[in-house]
Amino acid sequence: MKIAVGTRNPAKIEGVSRAFEKFFNDVEIVPREGISGVSDQPFGAETIEGAVNRAKNAYSDGFDFSVGIEAGLFELPFTLTGYIDFQVACVYDGENYTIGFGPGFEYPPLVVSEVLRGREVGDVMEVLTGIENLGKKQGAIGFLTKNAITRSMLSEIAVTMALIPWLNREMYRQ
1 MKIAVGTRNP AKIEGVSRAF EKFFNDVEIV PREGISGVSD QPFGAETIEG AVNRAKNAYS
61 DGFDFSVGIE AGLFELPFTL TGYIDFQVAC VYDGENYTIG FGPGFEYPPL VVSEVLRGRE
121 VGDVMEVLTG IENLGKKQGA IGFLTKNAIT RSMLSEIAVT MALIPWLNRE MYRQ
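Position 79 (the sequence shown) corresponds to 79 in UniProt numbering; numbering is contiguous.
Take the hints with a grain of salt, since some may be wrong.
When the alpha-carbon atoms are kept at most 30 angstroms apart in a straight line, the in silico BS3-like pairs for lysine-lysine are as follows [said to hold, decoys possible]:
hint	residue 1	residue 2
1	K2	K137
2	K137	K22
3	K2	K136
4	K2	K22
5	K56	K2
6	K146	K22
7	K56	K137
8	K22	K56
9	K22	K136
10	K56	K146
11	K146	K136
Ranges of calculated distance between the beta carbons of each label pair, as one might list FRET restraints [claimed, not checked]:
hint	residue 1	residue 2	range
12	S113	D93	17 to 27 angstroms
13	E170	K146	38 to 48 angstroms
14	D40	T129	11 to 21 angstroms
15	G82	F24	18 to 28 angstroms
16	R119	M1	37 to 47 angstroms
17	V127	G94	38 to 48 angstroms
18	N25	T129	30 to 40 angstroms
19	S113	E28	35 to 45 angstroms
20	D40	L110	14 to 24 angstroms
Just so you know, the hints here were simulated from the structure itself, not pulled from any lab data.
Being a predicted model, the structure only gives us computed values, none of them experimental.
Glycine included, C-beta positions come from ideal geometry on N, C-alpha and C.
Sequences are here, hints too, so could you generate the full structure?
Here it is in structure tokens:
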């Protein structure tokens, strides 16, 4: 099975690979340019749109599926900062797409206030942690959880959730 992934980010690629290998044999992952078409720091539904765009832009004939992953902030009540970060995955077969989310978490208030002023989460977290290219390594979630959960794990979970309708076609495609 040949899978195009709309990113060159090693953490996301690893997560996609692990998700597909749980269910399919002979998985080949091919990183491709996956243009999101959304702002560098997406909020809400724009995050989902970015994942869909990345999957669609990465797809071409010769692939069984393509995957797009986008992280963004969703405004939610009852939170410390008013926002939860979710990683969103889209799995696309050239015709249909499905969406899955990873577990959500809150950034420290300082990070959210800087993002609301126009900065990107990744830039703020790199300064805060002193870790260059944090998003391509364990990610902010890795730093915040002391590596109990990493960005590749969030990607794996989000992709696994997006795969549910493909794994249970008889229940989803009628």
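Results for each hint:
no., hint, result
1, K2 with K137, "holds (24 angstroms)"
2, K137 with K22, "holds (22 angstroms)"
3, K2 with K136, "holds (23 angstroms)"
4, K2 with K22, "holds (15 angstroms)"
5, K56 with K2, "holds (15 angstroms)"
6, K146 with K22, "holds (26 angstroms)"
7, K56 with K137, "holds (25 angstroms)"
8, K22 with K56, "holds (23 angstroms)"
9, K22 with K136, "holds (23 angstroms)"
10, K56 with K146, "violated (34 angstroms)"
11, K146 with K136, "holds (16 angstroms)"
12, S113 with D93: 17 to 27 angstroms, "violated (41 angstroms)"
13, E170 with K146: 38 to 48 angstroms, "holds (42 angstroms)"
14, D40 with T129: 11 to 21 angstroms, "holds (19 angstroms)"
15, G82 with F24: 18 to 28 angstroms, "violated (39 angstroms)"
16, R119 with M1: 37 to 47 angstroms, "holds (39 angstroms)"
17, V127 with G94: 38 to 48 angstroms, "holds (41 angstroms)"
18, N25 with T129: 30 to 40 angstroms, "holds (38 angstroms)"
19, S113 with E28: 35 to 45 angstroms, "holds (43 angstroms)"
20, D40 with L110: 14 to 24 angstroms, "holds (19 angstroms)"
Checked against the numbered hints above, the structure breaks hints 10, 12 and 15 and satisfies the rest.
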